[in-house]
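Given next are the chains, with one letter for each unit.
There are 2 protein chains.
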Amino acid sequence: MHKKRTAFFVSDRTGITAENLGHSLLSQFEGIEFKRVRLPFLDLPEKARDAVVQINEASLADGQRPLVFSTLILPAVRNIIEQSDALILDLFEMFIVPLEAELGQHSSHAIGRSHAAGMNYNARMDAVNYALSHDDGGISRELHRADIVLVGVSRCGKTPTSLYLALQFGIYAANYPLVPEDFSGSDIPQAIKPLLNKLYGLTIRAERLQQIRTERAPNSRYASLENCQLEVKQAENLMRQFSIPYLDVTTMSVEEIATTILHQTGIKH
Amino acid sequence: MHKKRTAFFVSDRTGITAENLGHSLLSQFEGIEFKRVRLPFLDLPEKARDAVVQINEASLADGQRPLVFSTLILPAVRNIIEQSDALILDLFEMFIVPLEAELGQHSSHAIGRSHAAGMNYNARMDAVNYALSHDDGGISRELHRADIVLVGVSRCGKTPTSLYLALQFGIYAANYPLVPEDFSGSDIPQAIKPLLNKLYGLTIRAERLQQIRTERAPNSRYASLENCQLEVKQAENLMRQFSIPYLDVTTMSVEEIATTILHQTGIKH
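As given, the protein sequences belong to chains A and B, one line each in that order. Here the first sequence stands for residues 27 to 295, where the numbers follow our numbering. Here the second sequence stands for residues 27 to 295, where the numbers follow our numbering.
The set of hints was computed from the structure by calculation and includes no laboratory data. All clues stand as given, with none of them false.
Identical copies go unnamed one by one, so any copy, or any two together, can satisfy a pair.
Using 30 Å as the maximum straight-line C-alpha spacing, the simulated DSSO-like pairs for lysine-lysine come out as follows: (1) K294 x K219; (2) K61 x K73; (3) K219 x K259; (4) K30 x K61; (5) K73 x K30; (6) K73 x K294; (7) K61 x K294; (8) K294 x K30.
Throw the hints in and build the complete structure from the sequences for me.
In structure tokens form, the structure reads like this:
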């Protein structure tokens with residue numbers, strides 16, 4: 027039987043937290059098709075009423091009540107959403123009550139506070155600019171400011187990882203591609219040799235690399251399996267020879283790669 | 027009284043969801059200082075036992091039991107963490123039980139499933155590469171492939187927003203800086219004129235722009251308040267004249283800017 031449900035992610039802010047948790051939870055239920063709808067910035071009663079209309083319409087259309095993952099904080103908005111014809115999974119309510127009891131303090135029930143807790147905007151913006159100007163071997167006099175320098179063969183995922191480290195964690199991440207010329211000698215490229223203790227390698231299975239490279243340069247020697255196998259093998263040899271820690275990212279998401287690197291190295295900015 | 031508590035974010039994956047929700051919740055309690063520790067990739071009982079040691083040490087050191095925000099899925103790991111001396115806020119448990127009842131199906135209790143639900147890695151990587159090659163007016167024959175083209179004065183936040191749209195949502199976002207030369211005529215820059223319906227403006231308060239630019243180029247005309255005021259005013263005039271939707275990002279995080287743009291424009295890739 028083919029079942030379909032609508033899942034709403036509602037928030038008075040971006041809704042990203044509700045959506046991420048919702049995705050994790052829904053992925054535990056196989057065989058059910060979910061239509062996913064994010065309703066962010068519900069910070070006024072009239073917006074909440076519009077949302078209720080939309081939720082109730084989905085309920086009618088599906089013939090089953092929708093799931094609503096909520097991180098709403100404002101009571102006036104939450105009270106309205108609670109009247110919709112849906113199963114409400116209220117992340118805030120579920121946790122704020124035990125937290126108030128544990129901490130012996132009432133919560134402020136005000137939105138717009140989570141900024142103070144996170145990385146500040148300037149620091150992340152500086153880190154993004156740093157990552158951009160030190161992408162793909164963009165080596166400058168400022169390379170010594172790097173918190174980490176990612177190395178690996180072309181198209182193994184260094185750039186998105188550097189950017190994610192910058193955007194999410196404010197880490198100064200440079201990256202440097204290992205190209206066939208680097209494997210001809212028995213030394214590490216001169217440009218990054220002084221930074222040996224900041225190097226971190228990404229590696230990837232040759233078959234996956236072939237697939238990624240083929241999308242950009244079909245039928246090239248660069249994308250051929252034989253060449254990918256050779257490059258990956260030589261890069262891994264180099265990393266082992268110089269005791270550079272490295273990670274096989276073949277089956278990992280950018281988030282997982284970045285978090286694993288932080289976890290293994292303990293780097294902070 | 028100065029209180030201090032340790033908050034742990036534990037997960038068998040990256041812990042980012044647990045940390046984001048935890049930050050939101052903790053920001054509701056003012057006057058309490060939280061030490062925040064992420065413990066990702068707890069996917070084996072021995073790792074869970076190490077985590078319990080760390081949690082219990084914090085409990086002793088603080089003289090108060092820590093808070094543990096958990097998205098753990100594996101029962102064998104969760105059972106161990108539950109024995110620690112902490113208030114466990116189990117995101118998974120709290121929601122999976124009502125979801126199982128609602129959906130009439132047991133959850134798989136297996137990790138590593140959320141990939142299937144999210145954007146795929148290739149699509150996001152392609153979008154990041156697109157954003158990089160179309161950053162800061164990097165105009166090419168492929169500009170027509172953009173889902174959106176962000177415009178605004180230098181340093182208003184176009185680049186991090188483009189990258190976030192790419193990394194998080196797989197959106198092809200180009201960006202094009204509006205520079206003083208663009209304001210001399212009464213027309214929109216030729217390079218972006220054919221893309222008028224894809225343009226989206228970012229604007230910023232002049233005082234904030236002055237602050238950002240001063241960090242890069244102190245005492246320059248470029249960073250002066252007078253020049254920032256003029257550029258911002260002219261850019262906003264241009265956007266209004268050509269009916270380009272725009273957003274004041276002065277007090278917004280990158281996540282909020284990106285989500286607001288998606289919400290307002292409805293763009294998808």
